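Chemist: Spelled out, the chains give:
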Amino acid sequence: MKTLTDLKKIREKAQEEMKLRGSNTRIKIVVGMGTSGIAMGAREVMKTFLEEIASRNLTDVLVTQTGEKGLSSMEPVVDVVEDDKPKVTYGNMTPDKVKKVIVEHIVNGRIVSDYVVATGN
Amino acid sequence: MQDISLHLLDIIENSVRAEADLIKIRIISDTQDNLLRLIIEDNGCGMDSRTLDEAQNPFFTSKSDRVKKVGLGIPLFKQNAELSDGAFNMTSEPGFGTVLRADFALNHIDRMPLGNLKDTLLGSIVGHPEVDFDINLIYKDHGVEQSFHFDTAAIKEELGDIPLTYPDVIEYIDQSLNEGIQNTNMEDV
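Protein chains in written order, with this note's numbering: chain A, 128 to 248; chain B, 907 to 1095.
Keep in mind that the hints were calculated from the coordinates and are not lab data. Take these hints with a grain of salt, some might be off.
Here are the simulated PhoX-like cross-link-like pairs (lysine-lysine), alpha carbons at most 20 Å apart as the crow flies [stated by the list, open to error]:
{"id": "1", "chain 1": "A", "residue 1": "Lys-129", "chain 2": "B", "residue 2": "Lys-1062"}
{"id": "2", "chain 1": "A", "residue 1": "Lys-136", "chain 2": "B", "residue 2": "Lys-930"}
{"id": "3", "chain 1": "A", "residue 1": "Lys-155", "chain 2": "A", "residue 2": "Lys-224"}
{"id": "4", "chain 1": "B", "residue 1": "Lys-1062", "chain 2": "A", "residue 2": "Lys-140"}
{"id": "5", "chain 1": "A", "residue 1": "Lys-224", "chain 2": "A", "residue 2": "Lys-135"}
{"id": "6", "chain 1": "B", "residue 1": "Lys-1062", "chain 2": "B", "residue 2": "Lys-930"}
{"id": "7", "chain 1": "A", "residue 1": "Lys-140", "chain 2": "A", "residue 2": "Lys-129"}
{"id": "8", "chain 1": "A", "residue 1": "Lys-146", "chain 2": "A", "residue 2": "Lys-136"}
{"id": "9", "chain 1": "A", "residue 1": "Lys-135", "chain 2": "B", "residue 2": "Lys-930"}
Nothing here was measured: the structure is a model prediction, and the numbers come from that model.
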């Protein structure tokens, strides 16, 4: 059974890490979770991002959910937002595509242009 | 939507868009009463009675900035509840929030499965760090009762400035939810 004591240990570990490398969020990932996105598999896309972040120990990546953005025909849609860089929007995402975006874009900084449906704001 | 927890996810997103910062979710599975009940309560901006009526109509959406004027989320949820001998009810008050209740006959042949509740809750909790989730899962079977309570406010307090997307925190929430869902027999409902 998980208890709040477990959380305390996590907090201490995380604070140690942050002392070493700072607490900056490098990349923000936003998963579109409107009705059409959900119907097209956005929940599995979200879950895969969270799994990859946990298993690769990516401590400087933030993932959030948001509502519809008017790209219904390309759902599930995912935005990758980095400081000082134009926003990259990926469309028709699947768990497999998420894994590729994690390796190529999030970890190695190379945009996966095959999946991009829009860039900039 | 293929399962009930996808509808739940859709409703959670509605609550977030209504600027709720507390969403209470209660799921009750009662074998004796043959009932699967979901209650979702938020403290968002709420709706007046006209909007509340319209929200149950497929050709209404509050997403005014978009071209496509359809909102299928709530009507589909309602239809799916009613198709399985259930009921659907929504009440709301502007400035106070909205309460939605969906009932399903547990053993009805047309009832959709509850589906992957864990992924729905995990994504919503981590994906909306500004919102607190108070989750209660209750399983009742002829006098035997198992329940699971999960309150993200307590977790956030314990974590301080550590974000919910911190890898170990994701795993913590994932495992806690998993245990709770298993203990209340909600993984295969």
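Chemist: If a hint holds in the structure, say so; if it does not, say that too.
Modeler: Verification of the hints:
{"no.": "1", "hint": "A:Lys-129 <-> B:Lys-1062", "result": "holds (15 Å)"}
{"no.": "2", "hint": "A:Lys-136 <-> B:Lys-930", "result": "violated (28 Å)"}
{"no.": "3", "hint": "A:Lys-155 <-> A:Lys-224", "result": "holds (17 Å)"}
{"no.": "4", "hint": "B:Lys-1062 <-> A:Lys-140", "result": "holds (16 Å)"}
{"no.": "5", "hint": "A:Lys-224 <-> A:Lys-135", "result": "violated (35 Å)"}
{"no.": "6", "hint": "B:Lys-1062 <-> B:Lys-930", "result": "holds (16 Å)"}
{"no.": "7", "hint": "A:Lys-140 <-> A:Lys-129", "result": "holds (17 Å)"}
{"no.": "8", "hint": "A:Lys-146 <-> A:Lys-136", "result": "holds (16 Å)"}
{"no.": "9", "hint": "A:Lys-135 <-> B:Lys-930", "result": "violated (25 Å)"}
Consistency with the previously given hints fails for numbers 2, 5, 9, ordered from lowest to highest.
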